[in-house]
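> Chains as they are written, first to last, in the UniProt record's numbering: chain A, 1 to 513; chain B, 1 to 513.
Incorrect hints may appear among the rest.
Which copy? The list can't say, so a pair holds if one copy fits it or any two copies do.
List time: in silico BS3-like cross-link candidates among lysine-lysine, alpha-carbon distance up to 25 Å [stated by the list, open to error]:
#: 1; residue 1: Lys491; residue 2: Lys25
#: 2; residue 1: Lys181; residue 2: Lys25
#: 3; residue 1: Lys201; residue 2: Lys491
#: 4; residue 1: Lys181; residue 2: Lys445
#: 5; residue 1: Lys49; residue 2: Lys123
#: 6; residue 1: Lys106; residue 2: Lys123
#: 7; residue 1: Lys80; residue 2: Lys181
#: 8; residue 1: Lys80; residue 2: Lys314
#: 9; residue 1: Lys80; residue 2: Lys25
#: 10; residue 1: Lys106; residue 2: Lys47
#: 11; residue 1: Lys80; residue 2: Lys491
#: 12; residue 1: Lys492; residue 2: Lys25
It should be emphasised that the hints constitute simulated quantities derived from the structure, not laboratory data.
There are 2 protein chains.
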Amino acid sequence: LETTATYDPLTEEFVLNSPTLTSMKWWPGTLGHTATHAVVVARLITKGKDEGIHLFIVQLRSLEDHRPLPGIKVGDIGPKFGYFGMDNGFLHMTNVRIPRDQMLMKYAQVSRDGTYSKPPTDKITYGTMVFVRAGIVVQSASILARAVTIAIRYSVVRRQTQNRPGEPETQVLDYQTQQFKLFPLLASAYAMKFASQYMLKLYVGITGEIAEGNLESLPELHATSAGLKALCSEISSNGVELCRLCCGGHGYSAASGLPQLYVDYSPAQTYEGENTVMLLQTARYLLKISRQKVPQAQLPNNVAYLGVDYPKYKESPVLTPKQFNDPHILLEAYRQRVIRLVAVALRRYMNGIDSGLDAVAAWNNSSVDWTVAARAHCHYLVLKAFQSSIDTAEMCETNLSIMRVLCCLFGLFGIMQYSGEFCLDGYMNSDQIEMAKNQLYSLLKEVRYEAVPLVDAFDIHDDILNSCLGRYDGDVYRHLYQWALRAPRNKKEVHDTYEKYLRPLLKKTKSKL
Amino acid sequence: LETTATYDPLTEEFVLNSPTLTSMKWWPGTLGHTATHAVVVARLITKGKDEGIHLFIVQLRSLEDHRPLPGIKVGDIGPKFGYFGMDNGFLHMTNVRIPRDQMLMKYAQVSRDGTYSKPPTDKITYGTMVFVRAGIVVQSASILARAVTIAIRYSVVRRQTQNRPGEPETQVLDYQTQQFKLFPLLASAYAMKFASQYMLKLYVGITGEIAEGNLESLPELHATSAGLKALCSEISSNGVELCRLCCGGHGYSAASGLPQLYVDYSPAQTYEGENTVMLLQTARYLLKISRQKVPQAQLPNNVAYLGVDYPKYKESPVLTPKQFNDPHILLEAYRQRVIRLVAVALRRYMNGIDSGLDAVAAWNNSSVDWTVAARAHCHYLVLKAFQSSIDTAEMCETNLSIMRVLCCLFGLFGIMQYSGEFCLDGYMNSDQIEMAKNQLYSLLKEVRYEAVPLVDAFDIHDDILNSCLGRYDGDVYRHLYQWALRAPRNKKEVHDTYEKYLRPLLKKTKSKL
Numbered sequence: 001l002e003t004t005a006t007y008d009p010l011t012e013e014f015v016l017n018s019p020t021l022t023s024m025k026w027w028p029g030t031l032g033h034t035a036t037h038a039v040v041v042a043r044l045i046t047k048g049k050d051e052g053i054h055l056f057i058v059q060l061r062s063l064e065d066h067r068p069l070p071g072i073k074v075g076d077i078g079p080k081f082g083y084f085g086m087d088n089g090f091l092h093m094t095n096v097r098i099p100r101d102q103m104l105m106k107y108a109q110v111s112r113d114g115t116y117s118k119p120p121t122d123k124i125t126y127g128t129m130v131f132v133r134a135g136i137v138v139q140s141a142s143i144l145a146r147a148v149t150i151a152i153r154y155s156v157v158r159r160q161t162q163n164r165p166g167e168p169e170t171q172v173l174d175y176q177t178q179q180f181k182l183f184p185l186l187a188s189a190y191a192m193k194f195a196s197q198y199m200l201k202l203y204v205g206i207t208g209e210i211a212e213g214n215l216e217s218l219p220e221l222h223a224t225s226a227g228l229k230a231l232c233s234e235i236s237s238n239g240v241e242l243c244r245l246c247c248g249g250h251g252y253s254a255a256s257g258l259p260q261l262y263v264d265y266s267p268a269q270t271y272e273g274e275n276t277v278m279l280l281q282t283a284r285y286l287l288k289i290s291r292q293k294v295p296q297a298q299l300p301n302n303v304a305y306l307g308v309d310y311p312k313y314k315e316s317p318v319l320t321p322k323q324f325n326d327p328h329i330l331l332e333a334y335r336q337r338v339i340r341l342v343a344v345a346l347r348r349y350m351n352g353i354d355s356g357l358d359a360v361a362a363w364n365n366s367s368v369d370w371t372v373a374a375r376a377h378c379h380y381l382v383l384k385a386f387q388s389s390i391d392t393a394e395m396c397e398t399n400l401s402i403m404r405v406l407c408c409l410f411g412l413f414g415i416m417q418y419s420g421e422f423c424l425d426g427y428m429n430s431d432q433i434e435m436a437k438n439q440l441y442s443l444l445k446e447v448r449y450e451a452v453p454l455v456d457a458f459d460i461h462d463d464i465l466n467s468c469l470g471r472y473d474g475d476v477y478r479h480l481y482q483w484a485l486r487a488p489r490n491k492k493e494v495h496d497t498y499e500k501y502l503r504p505l506l507k508k509t510k511s512k513l
Numbered sequence: 001l002e003t004t005a006t007y008d009p010l011t012e013e014f015v016l017n018s019p020t021l022t023s024m025k026w027w028p029g030t031l032g033h034t035a036t037h038a039v040v041v042a043r044l045i046t047k048g049k050d051e052g053i054h055l056f057i058v059q060l061r062s063l064e065d066h067r068p069l070p071g072i073k074v075g076d077i078g079p080k081f082g083y084f085g086m087d088n089g090f091l092h093m094t095n096v097r098i099p100r101d102q103m104l105m106k107y108a109q110v111s112r113d114g115t116y117s118k119p120p121t122d123k124i125t126y127g128t129m130v131f132v133r134a135g136i137v138v139q140s141a142s143i144l145a146r147a148v149t150i151a152i153r154y155s156v157v158r159r160q161t162q163n164r165p166g167e168p169e170t171q172v173l174d175y176q177t178q179q180f181k182l183f184p185l186l187a188s189a190y191a192m193k194f195a196s197q198y199m200l201k202l203y204v205g206i207t208g209e210i211a212e213g214n215l216e217s218l219p220e221l222h223a224t225s226a227g228l229k230a231l232c233s234e235i236s237s238n239g240v241e242l243c244r245l246c247c248g249g250h251g252y253s254a255a256s257g258l259p260q261l262y263v264d265y266s267p268a269q270t271y272e273g274e275n276t277v278m279l280l281q282t283a284r285y286l287l288k289i290s291r292q293k294v295p296q297a298q299l300p301n302n303v304a305y306l307g308v309d310y311p312k313y314k315e316s317p318v319l320t321p322k323q324f325n326d327p328h329i330l331l332e333a334y335r336q337r338v339i340r341l342v343a344v345a346l347r348r349y350m351n352g353i354d355s356g357l358d359a360v361a362a363w364n365n366s367s368v369d370w371t372v373a374a375r376a377h378c379h380y381l382v383l384k385a386f387q388s389s390i391d392t393a394e395m396c397e398t399n400l401s402i403m404r405v406l407c408c409l410f411g412l413f414g415i416m417q418y419s420g421e422f423c424l425d426g427y428m429n430s431d432q433i434e435m436a437k438n439q440l441y442s443l444l445k446e447v448r449y450e451a452v453p454l455v456d457a458f459d460i461h462d463d464i465l466n467s468c469l470g471r472y473d474g475d476v477y478r479h480l481y482q483w484a485l486r487a488p489r490n491k492k493e494v495h496d497t498y499e500k501y502l503r504p505l506l507k508k509t510k511s512k513l
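Make the full structure from the sequences, and use the hints.
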């Protein structure tokens with residue numbers, strides 16, 4: 001961060017500067033042409049000393065005529081992938097002076113004479129970040145629920161190939177390949193709903209402790225929210241795109257609602273902490289725990305299974321596909337996977353240290369392994385949230401039973417997707433992977449006739465879905481046509497470009513013949 | 001296909017009709033407001049008999065005033081994901097009459113009295129499809145090359161985190177996690193360049209045979225082009241998106257060039273045969289070969305290793321990571337993977353048949369397994385094209401050696417990505433997977449200082465890249481700023497919306513206070 005706010009005790013002002021091209025602010029929403037004021041992050045310099053990053057309120061534009069104030073250069077950063085309505089802007093400052101009381105001084109302070117006093121802890125800013133990341137987990141679930149609602153509803157309307165003479169063409173949801181794409185996403189949407197509830201509960205609990213001055217659980221909250229933000233936004237973004245591809249050609253039409261969903265939501269992978277960076281934050285926490293060899297009893301519930309005394313089972317006890325139909329069996333497999341992945345990453349890290357690398361280089365050398373371990377840990381947390389919500393839910397047996405199916409489907413699909421990780425160190429063998437797959441295929445069939453009710457249960461109104469393909473009434477083609485007729489280019493039967501470009505071209509070509 | 005072209009011998013005309021809403025043509029480019037004529041696919045009905053799908057030239061608009069002709073309803077299908085400049089249209093026809101000679105009659109024919117004569121083979125239309133699919137393989141390579149050029153060049157300009165006091169911030173390409181994302185894509189772009197050359201050679205060879213009346217190799221050409229189209233467009237689309245994510249926030253800016261690349265290229269996964277359908281076409285060919293238990297000598301070169309007499313090795317012979325640094329070792333691992341995956345899919349298919357399912361149901365039940373096998377076979381073909389191009393290339397030893405590194409990197413990354421498939425039936429064990437990973441990590445380091453020259457070698461001009469981030473001169477931030485200043489919203493310091501909306505709002509708020 002290169003922007004500086006230098007305190008001038010003579011006038012009791014801060015002087016803000018963007019000394020370089022790379023210090024320009026870039027991307028903040030409404031900054032370009034709308035906002036009159038901004039909260040600017042800058043390095044505070046007082047009494048010749050750099051006191052690090054602080055926040056300042058800076059007026060950008062005149063309140064009379066909205067023109068940028070002297071020293072301020074603001075504007076639009078140009079077209080983007082989605083976010084079409086958002087006025088993302090840039091900001092460059094040259095000797096912009098603001099009064100001393102426009103520094104946010106709830107914690108850190110600068111007195112009239114320029115004396116600096118520190119905040120009680122430098123972790124104070126974590127609070128908001130954690131809250132926003134928890135919000136991304138919630139949003140991931142609801143965005144994927146929308147996409148999967150569209151794709152599943154359309155897949156029962158859309159038919160492709162007359163497979164048997166005399167029969168109608170097959171509904172595409174009857175194809176195993178379509179089920180294999182959509183049902184794990186359906187299960188993921190449910191899984192993330194439960195994970196969101198878990199995440200919010202954890203947030204409320206731990207921020208309550210923090211308010212009482214107990215910061216002990218902050219690392220756990222930070223690690224969990226960072227990792228779940230990364231995993232859930234990844235599952236959701238990739239899932240929305242897969243749903244779009246599942247709708248064939250019409251998935252590319254704005255009428256499907258899916259392209260807009262993708263471009264508006266995909267940024268969640270990058271903002272509020274880029275996903276790989278987030279996984280590495282979680283991984284730092286796993287490194288600390290695994291390196292210190294703490295027993296389970298001294299660890300927070302989330303990571304207790306990474307305690308030194310938790311059993312590392314030699315192999316999975318499963319002997320038949322049906323045995324995989326048990327969330328507890330699946331959870332144990334997920335735990336054993338993480339235990340092994342953390343051991344692999346830790347070994348690579350320690351090998352680096354032992355061979356003379358500094359901590360930075362040893363961390364970098366093992367960082368891919370750490371992201372894998374962190375993702376697997378978060379994957380486990382999502383499955384665990386699903387399972388424990390079921391175990392404690394007050395539901396009728398019918399609903400409970402389909403939730404159990406979805407929970408196992410989510411778990412089994414993860415085993416397929418990351419089968420190599422489950423085989424690591426021999427915990428599962430390739431016969432067991434095959435059994436897991438067989439069980440997964442059986443569950444696809446079970447979900448087939450519950451799929452539409454299961455997306456209906458998300459209860460997303462047509463006005464929110466905004467999709468001709470995903471309409472509740474299934475009347476896809478009529479609405480697709482009506483929607484197209486309203487397109488701007490259809491206002492005239494003959495478009496203006498005909499007279500301007502096409503007619504001269506056609507007539508000229510003709511005369512040449 | 002519901003559109004009909006019914007022959008009327010009295011007037012010697014075809015009468016075209018779109019009998020239902022779902023029979024409307026949808027998506028053809030330039031159809032909406034530009035085209036005066038279209039080649040329309042319709043079921044030919046003559047003498048009361050449905051003779052199946054044929055092609056007809058239909059005039060859509062008047063050549064005088066461009067108005068749609070009677071019975072023709074055409075228009076724009078509305079906004080889409082990318083393809084902004086393309087006039088994708090819909091077409092509905094009611095009793096549109098065209099002269100008999102507007103049926104394309106090179107092969108199939110209808111005489112004046114309505115007598116139908118068949119084409120010599122119904123595979124005649126494959127030719128164009130195969131050609132276009134081969135073109136997608138070529139395009140996949142060049143699109144990914146563009147994206148990876150942008151992301152790698154930007155990753156040496158962009159720095160993040162001062163990791164050691166006194167040192168500059170680290171170039172993001174020095175992070176292992178960034179290398180692990182980008183270098184396999186770099187290797188994939190090269191791999192697909194070689195696969196494209198292979199695909200075109202196969203196309204030219206086999207179409208030459210077909211021109212001489214020898215259709216024997218048509219199934220091989222069809223299966224290979226379908227599968228490679230699917231695999232390469234998938235690698236490329238996902239790769240472009242990953243490159244975009246590797247550019248952080250700026251990847252979302254149109255200035256990066258990456259959003260446009262993604263929306264323009266992603267449709268290759270769907271058009272000219274949806275990718276899952278394409279993999280299933282390849283799979284049908286694998287089913288035929290594996291079911292018939294043909295010896296290698298009787299099979300085309302591509303699939304000879306699936307011959308019944310090809311050895312199914314019990315386990316990989318690799319004992320050290322360095323041994324994985326050999327394309328031939330990797331190729332054998334890829335072959336053994338496919339042999340096993342095909343056996344799994346065939347077993348599931350035959351179990352279905354044996355338990356009384358018809359061929360349609362048995363195929364559907366095993367279709368996910370078949371897509372996995374088909375993708376793995378195509379993956380093998382790409383690696384093989386890479387390896388054999390290297391083996392026969394006339395290159396200096398320096399270039400050859402870096403090409404060998406990329407080839408192994410491509411192969412090893414596939415092993416990481418699909419490690420479960422390589423462990424299937426015990427061919428590789430988890431220690432060997434770990435060795436493959438160690439070797440891959442070593443190669444990442446080797447590629448680091450060749451990465452920029454390797455993308456420069458694609459020789460893509462800045463005007464084609466159209467990216468502030470991917471500029472050859474690396475002068476990213478100045479161009480990003482200059483580009484933003486040219487944005488339409490920056491034409492005025494104060495945007496028109498201020499007077500219209502913002503000022504009344506701000507003034508009103510103020511007076512309320």
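> Each hint should be assessed against the structure and marked as holding or not.
So, going through the hints one by one against the coordinates:
Taking CA atoms no more than 25 Å apart as the test, lysine 491 paired with lysine 25 passes between copies only; the shortest distance there is 20 Å, against 42 Å inside one copy. Taking the shortest alpha-carbon separations for lysine 181 and lysine 25, neither the intra-copy value of 41 Å nor the inter-copy value of 27 Å comes in at or below 25 Å. Proximity of lysine 201 to lysine 491 under the C-alpha cut-off of 25 Å is found in neither arrangement, the shortest distances being 52 Å within a copy and 48 Å between copies. For the homomeric pair lysine 181 and lysine 445, the shortest alpha-carbon distance inside one copy (13 Å) is at most 25 Å, but the shortest distance between copies (36 Å) is not.
Taking identical chains as interchangeable, the C-alpha atoms of lysine 49 and lysine 123 lie at most 25 Å apart only when both belong to the same chain, with a minimum of 21 Å there against 79 Å between chains. Taking identical chains as interchangeable, the C-alpha atoms of lysine 106 and lysine 123 lie at most 25 Å apart only when both belong to the same chain, with a minimum of 14 Å there against 77 Å between chains. Taking the shortest Cα distances, lysine 80 and lysine 181 sit within 25 Å of each other only across copies (23 Å), while inside one copy they are farther apart (29 Å). In this assembly of identical chains, the alpha carbons of lysine 80 and lysine 314 never lie at most 25 Å apart, being 51 Å within a copy and 53 Å across copies at closest.
In this assembly of identical chains, the alpha carbons of lysine 80 and lysine 25 lie at most 25 Å apart only when taken from the same copy (16 Å versus 32 Å across copies). Taking CA atoms no more than 25 Å apart as the test, lysine 106 paired with lysine 47 passes inside one copy only; the shortest distance there is 21 Å, against 89 Å between copies. Taking the closest pair of Cα atoms, lysine 80 and lysine 491 come within 25 Å of each other only across two copies (18 Å); inside a single copy the shortest separation is 28 Å, beyond that limit. Taking the closest pair of Cα atoms, lysine 492 and lysine 25 come within 25 Å of each other only across two copies (20 Å); inside a single copy the shortest separation is 44 Å, beyond that limit.
When each numbered hint is compared with the structure, violations occur for hints 2, 3, 8.
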